[in-house]
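Peer 1: Each chain is listed here by its residues.
There are 2 protein chains.
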Amino acid sequence: MPAMTSFEDADTEETLTCFQVTVYHPNQDHNQVFQGLRFFNREKLSSMEVVKFGRSPNLCHYTFQDKQVSRVQFSLQPFKQFNSPVLSFEIKNLSKKTSLLVGNIELGYLNKMDLPGRCIVRFGEYQFLMEKEDGESLEYFETCFVRAPRSLLEERHYGKPVPENGFSSSTLPTEMDENEY
Amino acid sequence: MPAMTSFEDADTEETLTCFQVTVYHPNQDHNQVFQGLRFFNREKLSSMEVVKFGRSPNLCHYTFQDKQVSRVQFSLQPFKQFNSPVLSFEIKNLSKKTSLLVGNIELGYLNKMDLPGRCIVRFGEYQFLMEKEDGESLEYFETCFVRAPRSLLEERHYGKPVPENGFSSSTLPTEMDENEY
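So the protein sequences, as listed, match chains Y and A.
Last residue of the first sequence: 180 (numbering that gives the first Met the number 0), numbering continuous.
Last residue of the second sequence: 180 (numbering that gives the first Met the number 0), numbering continuous.
Mixed in with the good hints, there may be bad ones.
Identical copies look the same in the list; a pair holds intra-copy or inter-copy alike.
[What the hints assert, rightly or not] Pairs of lysine to aspartate or glutamate, DMTMM-like flavour, derived with a Cα cap of 20 Å:
#, residue 1, residue 2
1, Lys96, Glu124
2, Lys95, Glu48
3, Lys79, Glu89
4, Lys95, Asp65
5, Lys95, Glu13
6, Lys79, Asp65
7, Lys66, Glu7
8, Lys96, Glu135
9, Lys96, Glu48
Just so you know, these hints were derived from the structure itself, not from any lab.
Please take these sequences and the hints and turn them into a complete structure.
Peer 2: Here is the structure:
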């Protein structure tokens, strides 16, 4: 049975780090701002890539159909911290017009920062709850988009509460071992 | 004289941050490792981009013709530090096989760090003296490649000495104002 043999001989599959993004916009029910996103679809991406979000389908991997959004709004890039075995992500604001709020830290044009494992990212009326679920692979990761029924700022309905500063306490490295494993 | 008028009415041109890279490889005289680089040519690039260096012309902006080089070896991305009006650069090692030395700091696969204004970067037998000359523009920057006649580690013939740890003291922010302006 050659199929069985090749299955049995194949390398053990590595789990992928999943970058889950729960999105919300006040007009999401009335217009097509999130039409460029496929919800509940896990997409596998290479860690070589920098993933751009914005209005332009030519420049961005994930798009928002809204003229108030910059052609490229922000980018995400995977990397590995010196002291960690798993992927982390860096976010950079690529919009000259709009600030990007990561928790309560304001990123201007070309400012960047390492994302905590769980935080709320905002620009204009857009809200994103970004949550990283660690996997083994370094070469690949996956993304998954979910649509929030209500504003992420009014409600705390995603398991662990997100405090006022927008960062979850479980993202502090000192608490990681206890809370995440 | 419409030509004069449009010249006089044009926006004042901003100076560009120049990222100068002095390269050295022990076999640079005998083979074509640096054939993919145009020396003494200032190339204008967008700050939206992440500039990749490696063997593959399909994946990289700057290539090294050498089978010992990874298809993508490392990347450089411009960004703006929170407390600075000018562009900075981040370097990330994208090679699974080879470490990248930035000064005396070793970057493994997917490790990244902010580049000091002047430092020596190495992988395998490749050596690069990377020097940033600040400009006004944030949207664009330029690169310029120069070929070193001798190893950058043996000689200190680039004006300011590069100490043993590979970092120039002029890259310390506290000394920047005195030394660079």
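Peer 1: Against the earlier hints, flag every one the structure doesn't satisfy and list their numbers going up.
Peer 2: Checked against the structure, the hints that fail are numbers 6, 7, while the rest are satisfied.
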